[in-house]
Structure formats: C-alpha cells, structure tokens
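J.: Below, each chain spelled out in residue letters.
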Amino acid sequence: MSAKKKLKTSAMIASIAGADQPTTSAPFGHALVEAAKKNPKIVGMTADLGKYTDLHIFAQACPDRYYQMGMAEQLLMMAGAGMAREGFIPFVTTYSVFASRRAYDFICLAIAEEKLNVKIVSALPGLTTGYGPSHQATEDIAIFRGMPNLTIIDPCDAVDIEQSVQAMVDFDGPVYLRLLRGKVPRVLDRFEGYQFEIGKAKRLLDGEDALIISSGLMTMRAIEAADELRETGTNVGVLHCATIKPLDTDTILEEVRRYPERPVFVAENHSIIGGLGESIASLLMKEGISVKFSQIGLPDEFLDAGALPTLHDRYGISTKEVIKTLKQPVA
Amino acid sequence: MSQTATASRADVVEVLRQRAYKIRRHALRMGEVQGQGYVGQALGIADVLAVSYFRAMKLDPKNPDWEGRDRFLLSIGHYAIALYAALIEAGVISDEEIEDYGSDDSILPMSGMAGYTPGMEITGGSLGHGLGIGVGMALGLKRKESASRIFNLLSDGELNEGSTWEAVASAAHWKLDNLIAIVDVNDQQADDKSSTVLNYEPIADKWVAFGWETYRVDGNDLEALVEAFDSALASDANKPRVIICDTLMGRGVPFLEERDKNHFIRVDENEWSVALKQLDEVYGVQ
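Residue numbers (our numbering), protein chains in the order written: chain S, 923 to 1253; chain B, 885 to 1170.
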C-alpha cells in the first residue's frame, strides 16, 4: 500500500509557473540589460541575491556596472541612495522580506524622503516560496503603503515586468517593485495593445456578472478563473491594478460604476490587511459607493512552509480556489 | 605652491583657530535663539569643522552644488547647529539666518535635512545612515572618474548602529580611498557616557581590523588635527581613511565644559551672555 506522494517544498521554489504555461526566463534581468544599453546611468546593486533576483543576467552583460554589496540590506539601500545622489539610476535587488522588514528606515529616510531615483526590485513577494515566514513577504505592501513618495508596483507576469523596467527608468523617483523571478509566465501577450503604465489600472476583460480587481500574480489567476467561468455562462470582468500606489482611483471608480450591481472581488498575493483590498475598500467608502465586496488574499497569520501549489490551494489564491470564492454568494 | 603650503604651520593653525572661534560663536548665537540645543557638540567639534572646511575640503561657497566639490555628509542630524555654524563661517549660508534658527519656515531646522539647507548633503537624524550613503556616493564618484571626496562626520554613539559597520566593511572591500570618515568621540550619548551605554573601545583597533587607514587625535588640538587631515589626504593607501577625534563637549566655554549633563544643553537666558563672554576670553578677544 503506498501513501499518496507528498509534494516537496522545492517544487516550484524558483518559479510560480505552471507546467503548461508559456514562460520567459529572467525577464527582469534581460529587460534591465536592454534598458542599460540605452542608458549609461543604470547600475545594478544587490545584497548577495544577484542570482535569485535575476540580476545575474545584468551582471554577466554589464560586469562593470554591477555592484555586489554583500548580505547587508541596510547598506544596499544607503549605497543605492548614494549612487542616486551622484546621478545614477540604481536598481537594487534583494528579497521582499528583507527590503521591507529589515531596511525600512533606510528606504524611508535615505531614499524616499529625498525622492531619490532608486528602484528597489525585490523577489519572493507574498506567497511565492514555501520556505515559511522568514521568506514570505505577506505584509510588504502594508509596510510600504504608508511611506510617502514611494511608488509601489506589483506586476502580473513577464510582459508586465519587461515593460515596467523601462517605465521605471523613465520615471524620476523611488519605486518598489515586487518581482516574479526565474521562469515567469507570459499571460498578458494575448491582450492586444496592452501597455504597462505606472499609476494606471488596465481593464483586461469585461463581464457584467462580477469584477475582479487584482494585482501581481493574482491577475493571472483572475484571468484563468474568468476564462473557466465564461464557459459556464458567467461573465467576470478583470481590472489589473499593477500600481498599488499611487492608486488609479479614476479607472477603479469608473469600472466599479459601470455595472453597479456587480460584486467586486479584490485579489492580491498579500495579506488581506493593508494591501490593495483595503486600499480599494477605503476608496469606495470615501466615494460613498456601496457594492458587494470581497477580498481574495492571504490570511492575517504567519503562513505554513510547504510546497507552493499546496499552499496556494490552502490559502485560497490558486485558480481553483479563486473560482470557488467567485461562486460563493457575496454579502 | 599654494599659500597654505608656504605658510608656516603656526600661521595655519592661528588662522584655523580664528575660524573655530567664529564657528563656536555662530553656534552659541543659534543656541540662544532656541534657549537650548546641542551646543555642547558644536563647541566640541568646532575645531574639526574648521580644519575640514578651511583646510581639507574643496568647495565653492557661492555654488554649494558645484560638481567638483568635496561632499560633507552629516549623519548626526542633531549636530546641525555645528554644521550651520561652519557653513555660515564659510559663506554658504548668510549670517542673518541665525535669527531664524529652528523657527517656522527657517532653512535651518534643528535637525539637519538636505531639502532645507544649502550645503547640507543628506538628511541625518536617524543614526547610521551617513557612512553607507557615503559608500554609494564614493562608488558613484569613482564611476564618474571624479577627484572629489566624501567626508562623513559621525559620532561615537553612531558606532552602536549595526548599519555603520556594514558600511565600514563595504568601504574597505571597495577600497574607497576617496572616503574619509571623521568620528567625534565625546563619550556622551543620550542616556549616559558612550563607554557606559555600549562600549566600543578600543575604537581605533576596530577600524584598523576592518581595513581602514586609521588616525586618532585630540580633536581639540588644531595642530594635531591639521597633521592628521594632511596625512589622510596625502596618503596613497588604497583604503578608506578614518580620523577618530577625541573631543570635549562644550570646549571653549569653561562653565559648559564642566556641566555633567551636556548631551542636550539647556542654558538659562542670562547665561548666554556669560557663555559668549567666556568664549571671547578664551580666545583673547576683548
């Protein structure tokens, strides 16, 4: 008698892509190399996580513009601030947990208070590793939303990441980007004319039965869920809100008002505390808009270690679980 | 040869002594505006600032953002009163600003911030930021093949901050010979003596062990300071430099030197004139 084989933590540890998804390898690293060819001011800096933030691609292509700062995230942010002060555009990389929990004061005062041109690109946002709470940045957006001057981007896929790199170069000011690394799915290609823009939410699908407003990898899940539900006659709209701050309030309000009876689900790869969901709840409340409203996100707890697919099911952010949630009646 | 190089060491020191006196005087006048402040630190560090601004550094007072300048990073934001005094003496800030020190809408807030004050390169105050920013700027200057240098004034209390040591290690790793740290060792922190709060002695040994070219001098001995700064700047060592300066809080005003608690000094209204009078007496000004 053989027990069902358990999935291992190492399953999909480096990538959130499903087996059948088209992917691009290290989209951030390659996009940064392309941007750096055009702009000599770009430098790459990391805190001993070059290989794990896809910055190694840049390091190989532009070795003289790559700065290995060691496992010292506070220093990484300070040195990034110093580089920006001398006119460069540093892309600094680490994990989201270390940027947010450990280096907050240095991002706040050395970078954000002075609106310095530092781009903080951090891997393993939300639940994208099974390593447990030491590596799961379930609260990074909540931590950073209160920081003035800081733009927060939560891209969906390889397309979003590629486009956001150039957008960050063109944008003058500090940015925090939640990076998907390794083999990153490509899903936005199918939306003709899609263009990532800082501060803009984009309607991907129209549907009068429900609306999902989502960011990050949850936009992939939202699209997959909407596709499946359409086959059963339920039309779900998807609004991709890749910029968490500043929030594109005009587009969000316009979309919510288009079908006033439509329940609104906000889906994010982040704690339900302090992220996109609460941002939008607050917006709707301030505007006096009353809708059926539900959050799809991670619970307010330290999450389990384990295999990523298992954990996504357990915490309700897999496509299968998103569909279940969409089918439930919303209060 | 430059004028300073041909002048005798005694002449150089006498000129710097006058600068240090004026820096102390500007600081006392600002302290009087608020009735309190980090005057003890300003008096203690005035000689170091005089040597930095009037001997060691390149700057254009009329153009504080001149690309070719040396950058002075004040990570200890509460020492702003001291740096303002030096910037006033250097002609970067007008003497008239003293009247508004720490007042609403003043360019001289009580804690130093880059966005407010010409010549203030960074926002300090949250300790342990300056040296790391200095590492990034020094790397940036090297990228630009600039001959400018970074000076970072930090305090012995700032050695408590782990981020400072991340920067110390990094500067040595990158062989940043364009980075000069100046540590004000006055053995005073907010709660108690630095050596009691968290002892970092032997301080010099630690910097040496991290790979820095290290100098330790009496920070109120102008002759020793000139020698240390000259040596640090002339050195061809492929390393960052640190000048550890032992200073006396309140230096130059005898009744403040003797105060037990002088981390944050409160001076009664009638005492400011006494302080200025004592300072003048120490410097032989009638």
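It cannot be assumed that every hint is accurate.
To be verified - Derived DSSO-like pairs: lysine-lysine, alpha-carbon spacing no greater than 30 Å straight-line:
#, chain 1, residue 1, chain 2, residue 2
1, B, Lys1026, S, Lys973
2, B, Lys906, S, Lys963
3, S, Lys1037, B, Lys1090
4, S, Lys928, S, Lys1246
Bear in mind the hints are in silico, worked out from the structure with no lab data behind them.
J.: Next, verify each hint and record whether it holds.
T.: Hint check results:
1. A distance of roughly 25 Å separates the Cα atoms of Lys1026 (chain B) and Lys973 (chain S); the hinted pair therefore holds under the 30 Å criterion.
2. With a C-alpha separation of about 42 Å, the suggested pair Lys906 (chain B) and Lys963 (chain S) falls outside the 30 Å cut-off, and the hint is violated.
3. Note on Lys1037 (chain S) and Lys1090 (chain B): the hinted pairing is violated, with a Cα-Cα distance of about 34 Å set against a maximum of 30 Å.
4. Under the criterion of a C-alpha separation no larger than 30 Å, the hint pairing Lys928 (chain S) with Lys1246 (chain S) is consistent with the structure, at around 24 Å.
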